[in-house]
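Q: Start from the sequences, fold in the hints, and give me the full structure.
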Amino acid sequence: MLDKELRSMIGDVKDGRMDRRAFIQRLAAVGLTAPMANQILAIGGVAMAQSPSPYPPTKRGGGGPLKLLWWQGPTLLNPHFATGTKDQDGSRVFYEPLASWDVDGNLNPILAAEIPSTANGGLAADGKSVIWKIKPGVKWHDGKPLTADDFVFTFTYASDPATAAVSISTYADMTVEKVDDLTIRILFKNPTPFWANAFVGAYGCVIPKHLFGDYIGSKSREAPTNLAPVGTGPYKFVEFKPGDLVRGALNPDYHMPNRPYFDTIDMKGGGDAVSAARAVIQTGEFDFAWNMQVEDDVLLRLEKGGKGKTVYAVGGDIEFIAINFTDPNTEVDGERSSMKTKHPIFSDPNVRKALALLVDRESVKKAIYGRAGRTTANYLNGPEKFVSKNTSWEFNIEKASKMLDDAGWKVGADGIREKDGKKFKLLYQTSTNGPRQKTQAIVKQACQKAGIDVELKSVVASVFFSSDVANNDTYPKFYADIEMFQIPMTQPDPALHMRRYISANVATKENKWQGPNYPRYVNKDYDAAIAAAETEIDLVKRAALYIKCNDLLWQDTVFIPVMHRLTVDACANTLKPVISGWANRTDNIQDWYREA
Amino acid sequence: MSQYVLRRLLIAIPSLLGISAVLFFVLALAPGDPFSELATNPNVPPEVQAALRARFGLDDPIYLRYLHWLSAMVHGDWGFSFVSRMNVDTLILQRLPATLYVIGSAQILALLIAIPVGVYAATKPYSLFDQVANTLAFVGFSLPTFFTGILFILIFSVTLDWLPFVYTTDIKATGIHYVLEMIRQAIMPVAVLGLFQAASMTRFVRSAMLDVIRLDYVTTARAKGLGQAKVIVKHVMRNAMIPVVTLIALQMPAVFGGAIVTEQIFRIPGIGSLLISSILSNDTPVVMAVTFVFACLVVLFNLIADVLYGWLDPRISLR
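For the record, the sequence lines run as chains A and B.
Per the working numbering, numbering through the first sequence is continuous, rising by one, with the last residue being 1712.
Per the working numbering, numbering through the second sequence is continuous, rising by one, with the last residue being 336.
Keep in mind the hints are simulated off the structure, nothing from the lab.
Treat the hints with caution; some may be incorrect.
Said to hold, decoys possible - On the chain B side, residues computed to face chain A include the following (Cβ under 8 Å):
1. L27
2. P63
3. A68
4. V100
5. S101
6. L108
7. Q111
Said to hold, decoys possible - Covered stretches of chain A (chain B as the covering partner; in silico rule of three or more C-beta atoms under 8 Å from a C-beta of chain B):
8. 1179-1193
9. 1274-1285
10. 1349-1362
11. 1385-1394
12. 1399-1411
Glycine included, every Cβ here is placed at the ideal spot set by N, Cα and C.
A: Here you go:
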């Protein structure tokens, strides 16, 4: 993106010559996500849009019970211990952050009095500090006031390695200090362009100092409040049975007017996704069911009944095929897929490109994901209208065949390509999961037509996604030629998402395969762009760097994106949930209501 | 008799030790680790995973971990769940009532069907009643519970809209409404499980009765002019019940262990569903505790069955 042009566009928005939406759409053309575009505006001195509240109820309560069905129920209720979104969702009913991401990727204040900006003095020009003002008058469920001390404490708690909080890296490179009772200042070690990470979203939930104070570090597990949360949220804790039930009741002192709408909230766990969909859509026993990982045909059939429907939210989750740059079949110094080897087939970039031509995204969408997926050529995906225009994908067996012919891979007598006596055979692995096995079959069929022999392998998810060093079937070990899975984009900023693939992060025996760069992709330009992006305080330049990274992954065919996945939930026809693809399901639970 | 019980108890101790060791080592060697979900999360640095592993003692050698577990268990400390960071005994106690209520009712239902039907069918073998009962029994145990469960849901919840198919532990009602609601939501799972159990048990009761009914002493009793009902209840049933007691006693652990499939279908928060979710999330302490409790129950009820034999047939305990 042209730096100058962007600057003048920001000026235009500031002076009202261009509207926000147009600005975001312009940035979309170069592959920026909406949240990033909004952050650019914020840094440029334009206050974040506060989306007008669509919440009509005019009094607190009176909405009866809200019945939620999570087919994997929350197993613990401390947001800083949460393993997986189910726990974050459960905790978020009781605990709150300063702000959360709304549907359009804007920051929505929750416990903050206002969103920091350069205009209100919240954002420092050097990117090394942020000042947050806390909403006055907020009380914990036990009646004690919420103060800056609680935020400083939450920071200390989460950043102590002995606490073993999963939110540790959110709070790692910063210090948080109290300015006055209702103001905190976050000081970053380095200029931090994505400042809205600490105290925002799932890992941003603040916990009360007066109840957790004695349970920091190695004593963290013993806190009684781990199982009986006391927060500031719209619902007060009533009961918790791990994996089965989370129950809350309306908080009469909630700090937002007329909220919450429901008198009680029940989150029931257990079972499977199909029957959860049935309980909401078909029988109407429940109001809302989370994460419908069900084939679209099944959902369409259920929806004919009419008590409920499916709802979708667009985030950045991507299902992809990763290509191994090293040789999984040769052992060097006791290590397969070693950096000392080169993949015998994929070292030719044209072969990787040819393989990408054989992945029929459209068929995968039609046969499997339906309304829950979008085809894409990008690794880094934003909402639909914000997808990069620099990249494109196509499905073309003839073109792929020609490229392979040109690369010297000729079709042999048995219909399989070979070069220098070596057959074109691939091992294609993924986790055991219905849609994934179907995708494998679709890809294999196209490959066969192009003269590539593909062997399919599926590994049970608990092994595939584990960090078990002793097991050879885990995805970071990557003892296969290609592998497929999804990496969720947990925050609306690409930094963590894209950093994975720098050379220093290559998964090897030395780092016990803990390095997240499992394709073993090495590109100096990529490293340089990431390094530059991380110290780049100018968000405009930084954005351009991440676009470059996405385009490098595409040009080098490190990943073959299969499907940009949407979140799918089942919802009663009368319920009006507020769900953002950039946040947890329950992140805006205070705004949920039912239409009469 | 007391010596017999004591001897049996002493034998139980080494078997329990053996079972616990096998369970522990198998679980420790099984693939997967409890922090797999953290591994794909870019927010969680490997150091945190390492710290958690170290804190939970996952890096110690297996035999040390086993000895540690054993000594804690002897002291009544069941350990805590890696996933919920909650004590395992609390977790199990939370799940036990639903399991006992649903699975227990199903067992009672099964007995209430199986004993009268089996006994009556045996008194009139190859009659129309016997043939119908047999056919139904065969159909009953050929249909797996996951099939009948979904069939029931489709009929009674989706089509007729009579019964809920999601089991709720906390019904927001009091008094008679609470009781009615508890019964209403248990009807389907109890029927599914109970009918399945009843089917196989009926066959068992029938054949046990048939074995006894032809014995000479029964003919003698009849020849003495005793009424049919008296012969069947006093003379035949008491002896025929010995194998039936074995069957029931050995099924008791299942009442505590839950019915994994049925609990999953109806979302009953019982021990079975706890076991399956713990296995899926590699929550070793919970899996270990549940399976070990299960093993203890099997041993215990074997013992009870043996003692009951002694009471039903005194010759057994004399040897």
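Q: If a hint holds in the structure, say so; if it doesn't, say that too.
A: Evaluated hints:
no.: 1; hint: L27; verdict: 38 Å, violated
no.: 2; hint: P63; verdict: 4 Å, holds
no.: 3; hint: A68; verdict: 5 Å, holds
no.: 4; hint: V100; verdict: 5 Å, holds
no.: 5; hint: S101; verdict: 4 Å, holds
no.: 6; hint: L108; verdict: 6 Å, holds
no.: 7; hint: Q111; verdict: 5 Å, holds
no.: 8; hint: 1179-1193; verdict: holds (count 5)
no.: 9; hint: 1274-1285; verdict: holds (count 8)
no.: 10; hint: 1349-1362; verdict: holds (count 6)
no.: 11; hint: 1385-1394; verdict: holds (count 6)
no.: 12; hint: 1399-1411; verdict: holds (count 3)
In this structure, the one hint that does not hold is number 1.
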